[in-house]
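2 protein chains.
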Amino acid sequence: MIRIGIDVGGTGIQVGVVNEKYEILCEGSIVTHTDIPFAEQIRQIADCVNETTIRAGFSADEIESIGIGIPGIASRKTGEVINCTNMGWHHVPLRDEFAKYISKPIYIENDANVAALAESIAGVSAGTSSSVFITIGTGIGSGIIINNQIWSGSHGIGGELGHVIFDLNGIPCTCGNHGCLERYCSATALIRMGREAASSNPHSGLMKSVNGDLARIEAKTVIDCARNGDPLAVSVYRTFINYLAQAIASVINLLDPEVIVLGGGVSKAGNFLLDPVNAAYPQYVVFRDQEMPPVKLAVLGSKAGIIGAAMLN
Amino acid sequence: MIRIGIDVGGTGIQVGVVNEKYEILCEGSIVTHTDIPFAEQIRQIADCVNETTIRAGFSADEIESIGIGIPGIASRKTGEVINCTNMGWHHVPLRDEFAKYISKPIYIENDANVAALAESIAGVSAGTSSSVFITIGTGIGSGIIINNQIWSGSHGIGGELGHVIFDLNGIPCTCGNHGCLERYCSATALIRMGREAASSNPHSGLMKSVNGDLARIEAKTVIDCARNGDPLAVSVYRTFINYLAQAIASVINLLDPEVIVLGGGVSKAGNFLLDPVNAAYPQYVVFRDQEMPPVKLAVLGSKAGIIGAAMLN
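The listed protein sequences correspond, in order, to chains A and B.
Read in order, the letters of the first sequence correspond to residues 1 to 313 in the numbering used here.
Read in order, the letters of the second sequence correspond to residues 1 to 313 in the numbering used here.
Simulated from the structure, these hints should not be mistaken for laboratory data.
One thing to keep in mind: the hints can contain errors.
Identical chains share a label here; the pair holds if one copy fits it or two copies do between them.
[To be verified] Calculated pairs, SDA-like style, for lysine to any residue (alpha carbon to alpha carbon, straight line, at most 25 Å):
(1) Lys77 to Asn148
(2) Lys220 to Gly176
(3) Lys77 to Gln149
(4) Lys77 to Glu291
(5) Lys77 to Ser129
(6) Lys208 to Asp35
(7) Lys77 to Asn147
(8) Lys104 to His178
(9) Lys220 to Arg192
(10) Lys104 to Ser129
(11) Lys21 to Thr174
(12) Lys296 to His155
(13) Lys77 to Pro282
(14) Lys77 to Glu258
(15) Lys104 to Phe272
(16) Lys104 to Ala39
Using the sequences and the hints, build the whole thing.
Written out as C-alpha cells, the structure reads:
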C-alpha cells in the first residue's frame with residue numbers, strides 16, 4: 001500500500017508517493033495557477049496524483065489515503081478549506097471536489113502542522129509523542145503534536161504561535177494586532193532589525209556588504225555578516241536569538257513538549273542558530289532546574305510537506 | 001465506590017469524599033504545618049482521610065483512588081513532589097510516603113490542573129474535551145485539558161501561562177524574567193496599576209475610597225470603584241481587561257480549546273469581568289471570522305480542588 005502526500009504552495013504543488021517506511025518513491029509537481037476555476041485547479045492536482053502513482057508503478061487501487069497540506073486552515077469535519085489566501089481559496093469544498101477523481105480517504109491540514117507531523121514520525125523528533133515545530137520564515141508558523149497527534153485546536157484555528165502577543169502595544173502586525181511574536185522572531189523581523197541597525201551605522205560591515213543598499217539586506221545577509229564577525233551584525237543577531245529564546249521558553253512554560261523543532265528558512269543557519277538558542281532559552285524557563293525539552297533542527301526540509309501529508313489520518 | 005480528593009494549600013489542607021456523581025459527601029480539613037517533618041505532615045493528612053472516610057460512612061476498602069492537588073509540580077512517574085514552595089517540599093516522595101498509610105492508587109497533580117479537570121468534568125466546561133482554565137489571583141495559573149486529559153507537559157513543567165513572555169523587556173517578574181504575562185493580567189497587576197494611577201491622581205474616587213492610603217488599594221477596590229463609575233478606576237480596569245483579552249486571544253491563537261474558563265479571586269467580579277472580556281478578545285484572534293472558543297466563569301469555586309483531585313487518574 002502507498003499513501004499520497006500533496007504539498008500545496010503558492011508557486012507550486014508537489015505530489016509524492018510515499019511507502020510504509022516514509023520514503024518518497026516518486027514525485028510529481030505542477031505550477032500553481034490561481035487564475036483558473038477551483039474545479040480546474042483540483043482536476044490538475046488529481047491528474048498529477050494519478051500520473052505520479054502510475055509512474056511509481058502502482059495503481060489507484062493501491063492508494064491507502066491522500067493527504068493535502070495547505071498554507072491555510074481547513075475543517076477536519078467537512079473537508080472544506082476555510083481560508084487559503086495564497087491559493088485564493090475561501091470556503092471551498094476541497095475534499096468533496098477531490099473525491100470526484102479519486103475515491104480514497106482524503107485528509108486536509110495546515111502545512112506547518114503537516115511538517116510537525118512529518119518530523120515527529122520520520123524526522124528529528126521521531127519516537128517522541130509530543131513536540132512543537134516552529135518554522136522561522138517570512139512569518140512564524142507552528143505545529144503542535146500531543147500524544148502523537150496534531151493538535152490544531154477545537155475549531156481548527158490554533159497552532160498560530162506567530163500571533164501570540166509577545167510585546168504589548170508593540171510592532172504592528174499584518175494580522176491587525178500589535179506585538180505579535182512573529183514581528184520579533186521571523187526572517188522578516190531579522191531583516192527589519194538588520195536594516196534599522198545598518199541605516200544608523202553606514203560604516204558597518206553589514207552596510208558595506210550590500211554596498212549601502214539597505215533594501216538588499218536579507219536575513220541571510222545579517223547571518224553571514226554575524227558569522228564573519230561584523231560587530232553590528234553580531235549585535236543584531238544576538239538580539240534576534242534572545243527574542244527567539246524567549247519565544248521558545250514561552251512555548252515550554254505553557255506546553256512543555258518532549259522536543260522543540262526549528263524549521264523554515266532561518267533554520268538553514270544550522271548550528272550557528274541552534275547553539276546560541278540552546279545556550280539562551282533555559283534561563284527563561286520557569287522550572288529551569290528540571291529536565292526541559294531540547295531544541296533541535298528539522299531534518300526533512302522540503303520533503304516534510306509530502307511525507308507529513310501522506311501520514312495524515 | 002468513592003474517591004478521595006485532597007486540596008493541599010499553604011494555610012490549610014482540605015479532604016473530601018467524592019462519589020460517582022462528583023458530589024462531595026463529606027469534608028475534613030487540617031491546618032497546614034510546615035514546621036514539622038514531612039513524614040508527620042503526611043501522617044496527619046492520612047489520618048484526616050481515614051477519619052473523613054469513616055465519617056462519610058465508608059471504609060478504606062471502598063476508596064477507589066486518592067488524588068492530591070498541590071500548589072507546585074510533581075512527577076507523574078515517580079509520585080515525587082519536585083517543588084512545592086508553600087509546603088516546603090522539594091523532591092519529597094509524596095506518593096510513597098502516603099502509601100504507607102493507605103494502599104490505593106495515589107495521583108498527584110498541580111492545583112491549577114486539578115481545577116481545570118474539575119471544571120471540565122463537573123463544572124462549567126463539562127462535556128467539552130478541551131479547555132484552558134486560567135486562574136486570576138496573586139499570579140496567573142493555568143490548566144490545559146486536551147482530549148479529556150490534563151496536559152501538563154512531557155516533563156511536568158508546562159501549564160505556566162503566567163510565565164509566557166507577554167511584554168518583551170517588560171516588568172520584572174518574581175521568576176527572574178521580564179514581561180511575564182502574570183505581571184499584566186493578575187490581581188497583583190491590577191493592584192499595581194490601581195496604585196500607580198491613584199498616586200498620580202490624588203483627587204480621584206479611587207484614592208478617596210482608601211482615604212489616600214495607597215497601600216489599601218486591592219484588586220477589589222479598583223473593581224468596585226470602576227463599577228461605581230470612577231473615571232480613573234474605569235480607565236485602569238479597561239486597560240486590565242484589554243491585557244486579559246490579549247492573553248486569552250493568545251491562548252486561542254496557539255491552542256484553540258473548546259472553551260476558556262476563568263477562575264481565581266478576580267473572577268469573583270462575575271459578569272463585570274466576563275462581559276467586557278468577551279467583547280474585547282475576539283479582535284485579537286487571528287481567524288476572527290471563524291467560530292472561536294467562548295470564555296466562561298468557573299462555577300465550582302473552592303470545591304474544584306477536591307473534586308478535581310478525586311477525578312485524577
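Cross-check of the supplied hints:
1. In this assembly of identical chains, the alpha carbons of Lys77 and Asn148 lie at most 25 Å apart whether taken from the same copy (20 Å) or from different copies (19 Å).
2. Proximity of Lys220 and Gly176 under a CA criterion of 25 Å is satisfied in neither setting, with 27 Å inside one chain copy and 33 Å between copies.
3. For the identical chains of this complex, Lys77 and Gln149 are neighbours both inside a copy (16 Å) and across copies (22 Å), given an alpha-carbon limit of 25 Å.
4. With identical chains, the CA atoms of Lys77 and Glu291 are at most 25 Å apart between copies only, with a shortest distance of 14 Å across copies and 38 Å within one.
5. In this homomeric assembly, Lys77 and Ser129 come within 25 Å of each other (Cα to Cα) both inside a single copy, at 24 Å, and across copies, at 16 Å.
6. When the C-alpha separation of Lys208 and Asp35 is checked against a cutoff of 25 Å, the pair qualifies neither within a copy, at 42 Å, nor between copies, at 66 Å.
7. Taking CA atoms no more than 25 Å apart as the test, Lys77 paired with Asn147 passes in both settings, with 20 Å inside one copy and 16 Å between copies.
8. Neither within a single protomer nor between protomers do Lys104 and His178 lie at most 25 Å apart by alpha-carbon distance, with minima of 43 Å and 52 Å respectively.
9. With identical chains, the CA atoms of Lys220 and Arg192 are at most 25 Å apart within one copy only, with a shortest distance of 12 Å there and 43 Å across copies.
10. For a Cα distance limit of 25 Å, the shortest separation of Lys104 from Ser129 qualifies neither inside one copy, at 27 Å, nor across copies, at 29 Å.
11. With identical chains, the CA atoms of Lys21 and Thr174 are never at most 25 Å apart, being 40 Å at best within one copy and 49 Å at best between copies.
12. For a Cα distance limit of 25 Å, the shortest separation of Lys296 from His155 across copies, 17 Å, qualifies, whereas the shortest one inside one copy, 29 Å, does not.
13. Within a single copy, Lys77 and Pro282 get their C-alpha atoms only as close as 39 Å, which misses the 25 Å cut-off; across copies the closest is 23 Å, which meets it.
14. Proximity of Lys77 to Glu258 under the C-alpha cut-off of 25 Å is restricted to the inter-copy arrangement: shortest distance 15 Å between copies versus 29 Å within a copy.
15. In the homo-oligomer, the alpha carbons of Lys104 and Phe272 never lie at most 25 Å apart, since the shortest distance is 44 Å inside one protomer and 52 Å across protomers.
16. Only within a single protomer do Lys104 and Ala39 lie at most 25 Å apart by alpha-carbon distance; the minimum there is 18 Å, versus 61 Å between protomers.
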